[in-house]
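A.B. asks: Each chain is listed here by its residues.
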Amino acid sequence: MTEPLLSTHGLKAHYGDFQALFGVDIDIKQGETIAIIGANGAGKSTLMRAITGLLKNEPDAIKLRGESIGDLSAPEVLERGISMVPEGRRLFPSLTVEENLLIGAHTRTGNGVWNLASVYEVVPVLKDRRDHPGTALSGGQQQMVAIGRALMSNPDLLLCDELSLGLAPVVIKEIYASFPTIKERGASVVVVEQDIGQAMKVADRVFCMMEGRVTLEGTPEELSREEIHNAYFGVSA
Amino acid sequence: MILVDTLIQGILLGGLYALFAAGLSLVFGVMRLVNLAHGDLIALAAFVILSIGTALNLSPFVAVILAFPIMFAVGWGLQTCLLNHVLGDDILPPLLVTFGLSVVIQNGLLEIFTADSQKLTAGAIEVQSLALGPITVGVTPLLTFVSSVLVIFALNQIFYRTRLGRAFRATSDDSETVGLMGIRPNNVFAVATGIAMVAATIAALYLGIRANFDPSIGPARLLYAFEAVIIGGLGSLWGTLAGGVIIGVAQALGASINPEWQILSGHIAFVVVLLVRPRGLFPRSKD
Ligand SMILES: Nc1ncnc2c1ncn2[C@@H]1O[C@H](COP(=O)(O)OP(=O)(O)OP(=O)(O)O)[C@@H](O)[C@H]1O
Ligand SMILES: [Mg+2]
Numbered sequence: 001m002t003e004p005l006l007s008t009h010g011l012k013a014h015y016g017d018f019q020a021l022f023g024v025d026i027d028i029k030q031g032e033t034i035a036i037i038g039a040n041g042a043g044k045s046t047l048m049r050a051i052t053g054l055l056k057n058e059p060d061a062i063k064l065r066g067e068s069i070g071d072l073s074a075p076e077v078l079e080r081g082i083s084m085v086p087e088g089r090r091l092f093p094s095l096t097v098e099e100n101l102l103i104g105a106h107t108r109t110g111n112g113v114w115n116l117a118s119v120y121e122v123v124p125v126l127k128d129r130r131d132h133p134g135t136a137l138s139g140g141q142q143q144m145v146a147i148g149r150a151l152m153s154n155p156d157l158l159l160c161d162e163l164s165l166g167l168a169p170v171v172i173k174e175i176y177a178s179f180p181t182i183k184e185r186g187a188s189v190v191v192v193e194q195d196i197g198q199a200m201k202v203a204d205r206v207f208c209m210m211e212g213r214v215t216l217e218g219t220p221e222e223l224s225r226e227e228i229h230n231a232y233f234g235v236s237a
Numbered sequence: 001m002i003l004v005d006t007l008i009q010g011i012l013l014g015g016l017y018a019l020f021a022a023g024l025s026l027v028f029g030v031m032r033l034v035n036l037a038h039g040d041l042i043a044l045a046a047f048v049i050l051s052i053g054t055a056l057n058l059s060p061f062v063a064v065i066l067a068f069p070i071m072f073a074v075g076w077g078l079q080t081c082l083l084n085h086v087l088g089d090d091i092l093p094p095l096l097v098t099f100g101l102s103v104v105i106q107n108g109l110l111e112i113f114t115a116d117s118q119k120l121t122a123g124a125i126e127v128q129s130l131a132l133g134p135i136t137v138g139v140t141p142l143l144t145f146v147s148s149v150l151v152i153f154a155l156n157q158i159f160y161r162t163r164l165g166r167a168f169r170a171t172s173d174d175s176e177t178v179g180l181m182g183i184r185p186n187n188v189f190a191v192a193t194g195i196a197m198v199a200a201t202i203a204a205l206y207l208g209i210r211a212n213f214d215p216s217i218g219p220a221r222l223l224y225a226f227e228a229v230i231i232g233g234l235g236s237l238w239g240t241l242a243g244g245v246i247i248g249v250a251q252a253l254g255a256s257i258n259p260e261w262q263i264l265s266g267h268i269a270f271v272v273v274l275l276v277r278p279r280g281l282f283p284r285s286k287d
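Going line by line, the protein sequences match chains A and B. So the first sequence is numbered by the working numbering: it starts at 1 and just counts up by one. So the second sequence is numbered by the working numbering: it starts at 1 and just counts up by one.
Only chain A is shown next, with the shape it has when bound in the complex (with noise of 0.2 Å):
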């Protein structure tokens, strides 16, 4: 089997003397696109927050191609690749549509293709929108920006935290259609997803949570609705 591009071991997370996450589990294959399932509090936003190092961990509860770094500061984890959308976008509201892009690579610039133009050529409308403030665009023109931003640093892995939160179907599918593009050129993708349909529909491989931690993990083929069901909301059949 070959080595994972990213793999979590007995991962903890505390917030003071809460504890969020309770030993996660998962492993990210080089190109695969993996779904995070789970209601709300399962602790979904707490694991990208603490792969990313703005939650400070273990250094071996994490590891990147064999490389510990669940000890590294988000500027480090960003250096070796990793780049993530927020959840709820978290654009710069002083800054325009374009300084937001720009300064998803302004530490890294990665080898890839993404940069200013070709993001705009997958989102055109940014590009008309370039001088006015992030935050003075509709919710999805908005989350194209935040995931422009985090694709500028041209990251080995991509994580989306909730992408869809908030925003009408039509608009989620849009979105969604950029993301072939983005696997294309070479980008491995975590989706934090609520809508169960849509992480069924771009996932290689989906873990469900609940309650801090990991109750299901199979491929979209292999789940039933009832297994699915089950590990969201911890009832038993």
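It should be emphasised that the hints constitute simulated quantities derived from the structure, not laboratory data. Do not rely on the hints blindly, as some may be mistaken.
[Stated by the list, open to error] Output of the computed footprint for chain A on chain B, the stretches with three or more beta carbons under 8 Å from beta carbons of chain A:
| no. | segment |
| --- | --- |
| 1 | 158-169 |
| 2 | 177-191 |
[Claimed, not checked] Partial list, computed: chain A residues near chain B (C-beta under 10 Å):
| no. | residue |
| --- | --- |
| 3 | THR52 |
| 4 | ALA74 |
| 5 | GLU79 |
| 6 | ARG90 |
| 7 | SER94 |
| 8 | LEU102 |
| 9 | GLY104 |
| 10 | ALA105 |
| 11 | ARG149 |
All C-beta atoms, glycine included, are put in the ideal place defined by N, C-alpha and C.
Based on these hints, arrange chain B with the ligands on the given structure of chain A.
C.D. replies: Chain B with the ligands alone, transformed into the frame defined by chain A:
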């Protein structure tokens, strides 16, 4: 004609106050920190220029260039070793620490330079004046004002037109999320304070040429600077220039009525502006 003359003197004086305030305004814009030692750091810069000028027998206009990297390093070091450790959600610790720093700098300067008044001597330029039609303006006040416009312009360009400025604004917006862009807020803050200290050094140059200074002058300069920033609106650099000019003009008008009213008039203008526009004249839209 006397009124026009008074207004022009006031505007030029306002340039000096804007210079006092420029660094304070930048630091506030980037990290929401009010540095209560800002005035004392201006005093420190004046003594640095003085020492360099005396030691190397240089004009203050040359000595100031050597003082720039020194004061940049002072700002950078101060932010890295001290201020970064107290910045956070609670606004009280930075206020207490910079207040303490103010006391330390004053006493340190007193120890080294004594309480004697000092002056930067720039030679003939100090007394030269230009006749603009019927109005005569001093070359030094004019130079001060032009410098203040250039400093504000330069800071504004840095803030809005450069890669560094982009990092300043993004870090000010969201210091956690910039980490995901590979930006380390502590480094950004250190550079910002370094640049603020370069602006403070320019302020110190004109302060020292215009009047006597001693280790105790810091707090009053801080007050003018603070008022200029607040009048202009927090986070707006051009607003800070406007704020400085308003204080300068108010002082000049007050002094023309009665010399004893100079200082008071400036403070009254500050209060009046705040009553009419509690957020200042040009507040940055957010926060
Ligand atoms: N900053 C925080 N401080 C304290 N507790 C937190 C914090 N952030 C999250 N939590 C708690 O940690 C648990 C996991 O939260 P997390 O945000 O990871 O869930 P999630 O799966 O992303 O949920 P959602 O689908 O609502 O985004 C929740 O119980 C939440 O209340
Ligand atoms: Mg979440």
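A.B. asks: May I ask which of the numbered hints given earlier this structure violates, with the numbers listed in increasing order?
C.D. replies: none
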